[in-house]
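Same order as they appear, the protein sequences are chains Z and L.
Heads up: the first sequence at position 165 corresponds to 164 in numbering that gives the first Met the number 0, and the numbers run straight through without jumps.
Heads up: the second sequence at position 215 corresponds to 214 in numbering that gives the first Met the number 0, and the numbers run straight through without jumps.
By construction, these hints were calculated from the structure, which means they are not laboratory data.
These figures come from a predicted structure and were not determined experimentally.
The beta carbon of each residue, even a glycine, is placed where N, CA and C say it ideally should be.
Please note that a few of the clues may not be correct.
One side of the interface only, derived from the structure: several residues of chain Z facing chain L at Cβ under 7 Å [stated by the list, open to error]: (1) F30; (2) V34; (3) A42; (4) T48; (5) Q106; (6) L108; (7) Y197.
Chain by chain, the residues run as shown.
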Amino acid sequence: MRGALRIVWTFAKLGFQNEAAYRANFWIQIFESLVNVGSAVAAVSLVFTRTESLAGWRPPELVALLGIYFAVYGAIHVVIAPSLMKFMEDVRQGTLDFMLTKPADSQLLVSTSEIRVWKLVDFALGAGILAYGVAGLSERIGPLELLGFAIALAAGVAIVYAFWLLLATLAFWFVRLENLLMIFWNTYQAARWPVGIYPRWLRISLTAIVPVALAVTVPAEALAGRLTFANLALVCGVAVTLLAVSRWFWLRGLQRYSGASA
Amino acid sequence: MSYFADLYATYVRVYLAAETQYRAANAIWLIGIVLEPLIYLSVWSAVAATQGGEVAGFTPGDFAAYYLVLTLVNQLTSDWHMWEFQYRVQLGHFAFLLIRPVHPIHGDIAENLAHKIAMQVVLVPALGLLALAFRPHFATNFESLVLFVPALAFAFALRFAFEWMVALACFWTTRVMAVNRAYFMVLLFLSGQVAPLEILPGWLAAIANALPFRFMIAFPVEVALGRLPVNEILDGLALQAVWTAACVALLALLWPAALRRFASVGG
Numbered sequence: 000m001r002g003a004l005r006i007v008w009t010f011a012k013l014g015f016q017n018e019a020a021y022r023a024n025f026w027i028q029i030f031e032s033l034v035n036v037g038s039a040v041a042a043v044s045l046v047f048t049r050t051e052s053l054a055g056w057r058p059p060e061l062v063a064l065l066g067i068y069f070a071v072y073g074a075i076h077v078v079i080a081p082s083l084m085k086f087m088e089d090v091r092q093g094t095l096d097f098m099l100t101k102p103a104d105s106q107l108l109v110s111t112s113e114i115r116v117w118k119l120v121d122f123a124l125g126a127g128i129l130a131y132g133v134a135g136l137s138e139r140i141g142p143l144e145l146l147g148f149a150i151a152l153a154a155g156v157a158i159v160y161a162f163w164l165l166l167a168t169l170a171f172w173f174v175r176l177e178n179l180l181m182i183f184w185n186t187y188q189a190a191r192w193p194v195g196i197y198p199r200w201l202r203i204s205l206t207a208i209v210p211v212a213l214a215v216t217v218p219a220e221a222l223a224g225r226l227t228f229a230n231l232a233l234v235c236g237v238a239v240t241l242l243a244v245s246r247w248f249w250l251r252g253l254q255r256y257s258g259a260s261a
Numbered sequence: 000m001s002y003f004a005d006l007y008a009t010y011v012r013v014y015l016a017a018e019t020q021y022r023a024a025n026a027i028w029l030i031g032i033v034l035e036p037l038i039y040l041s042v043w044s045a046v047a048a049t050q051g052g053e054v055a056g057f058t059p060g061d062f063a064a065y066y067l068v069l070t071l072v073n074q075l076t077s078d079w080h081m082w083e084f085q086y087r088v089q090l091g092h093f094a095f096l097l098i099r100p101v102h103p104i105h106g107d108i109a110e111n112l113a114h115k116i117a118m119q120v121v122l123v124p125a126l127g128l129l130a131l132a133f134r135p136h137f138a139t140n141f142e143s144l145v146l147f148v149p150a151l152a153f154a155f156a157l158r159f160a161f162e163w164m165v166a167l168a169c170f171w172t173t174r175v176m177a178v179n180r181a182y183f184m185v186l187l188f189l190s191g192q193v194a195p196l197e198i199l200p201g202w203l204a205a206i207a208n209a210l211p212f213r214f215m216i217a218f219p220v221e222v223a224l225g226r227l228p229v230n231e232i233l234d235g236l237a238l239q240a241v242w243t244a245a246c247v248a249l250l251a252l253l254w255p256a257a258l259r260r261f262a263s264v265g266g
């Protein structure tokens, strides 16, 4: 565990040093994040000009949900997406050899090797919106809700990560996968709203086929004080299953890799 | 004229052949095209449900009809070349396009048409299935459907010219992704995608009506659904023509200036 943390910390430092060279990117990132977050907040406030609650969600609860959406979105962009996209490129070019020869767990290495610090802006904005939403809630959040939120959020992030790892591992079999990743980006935007608003068939596919909706809605339910034990168990169960399946799939894929270098 | 007819026929044939290579990719694009309107349709249907069945005169059936037609209009008027411009300039791909004896915009238009044709193979069945799932309520009339054809054609021309113009920004800055994203956010709100324009607060609807974005998507949708009287449709078509002419004129002015900024390294 100590070793794993040291690896992640080293990659983070490297990532910061690499990106510190491009400081203008920081300002561009702030601009893009503000556009992104601003339009999402605007859409939510637009909806609430016409109603007081959306499928049982009141404005501060929906704002908190939006905050979770962007915080998870930020986490994906900071480490999960850049690392796994680099991994897919490595498989294509045969440079994955350099990773595999290092004396640490290969899954850990490829999952954290590229860290984009400027993308922390999305994460920070998400956390800010989340705090704003929580401050607007009428009921106090007790320790039990907080615990439920922490567990659900950890499970949610684990689900998103395991799903990405599953998609990325396909790179051992198929060469071009950018389009497959589009499936994730396209469906993740649906998580901006509580899954309860979608028709049944869509809710089931968002939950079962591409399990993104759970990752955001369930932690927000905890904050809104309506988390059921069934939902918490579901999100934890899905997280554990996906982590195990993606690990197994990763090891299978790894056996198939033969290197492409001279 | 037959020169252009030949040119386009050849271009479209070539690009259609290229399209057949990427059939699986089109199925994946479909998810993106269909899901975003579906999200807003679900949101507004939920709002209608909490407001006793309707919002500003829209029932869930009206929203379903609105967003199904919007999905089609949005796809038919959309173009992706503005995302490619950055690479065309940075990697020097423009050099190849510029040595052809025709303006590069014609190749883009033809490629766009070919993609639209190929895409209908998956989009139309998908819309049919969605119609079964969401039970849209259509109450249109014959004149509206006839006038929808020119409204859609103008919307395509206007949006294509406008987005090509925005894309020219990449000759001056390397940060076009940020420009593109900001543009798409404006388009999202002011072209009737987040909500039908009648649902926006008054001040925002006023802004939307004064700008060209409404005429790229929302206007043809409203025409197709029979939501506008004939005289308003004719006024809208006239405004579309004016906006399109203005964009094409501006594009013609900017293009030589943009070209002067372009330098490519051969080798």
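Close enough to count: is the Cβ of V34/Z nearer than 7 Å to one in chain L? holds (5 Å)
How about L108/Z: closest beta carbon in chain L under 7 Å, or not? Violated - the Cβ of L108/Z stays beyond 7 Å from chain L, reaching only about 29 Å at its closest.
Min Cβ distance, Q106/Z to chain L: is it shorter than 7 Å? violated (26 Å)
Quick check on the hint: A42/Z CB to chain L CB, less than 7 Å? holds (5 Å)
Interface hint for F30/Z, Cβ within 7 Å of any Cβ on chain L: Cβ of F30/Z sits 6 Å from chain L, so the hint holds.
Less than 7 Å between beta-carbons is the criterion; does Y197/Z satisfy it with respect to chain L? holds (5 Å)
Supplied contact hint for T48/Z, tested at 7 Å Cβ to chain L: holds (6 Å)
The structure fails to meet hints 5 and 6 from the earlier list, while all remaining hints are met.
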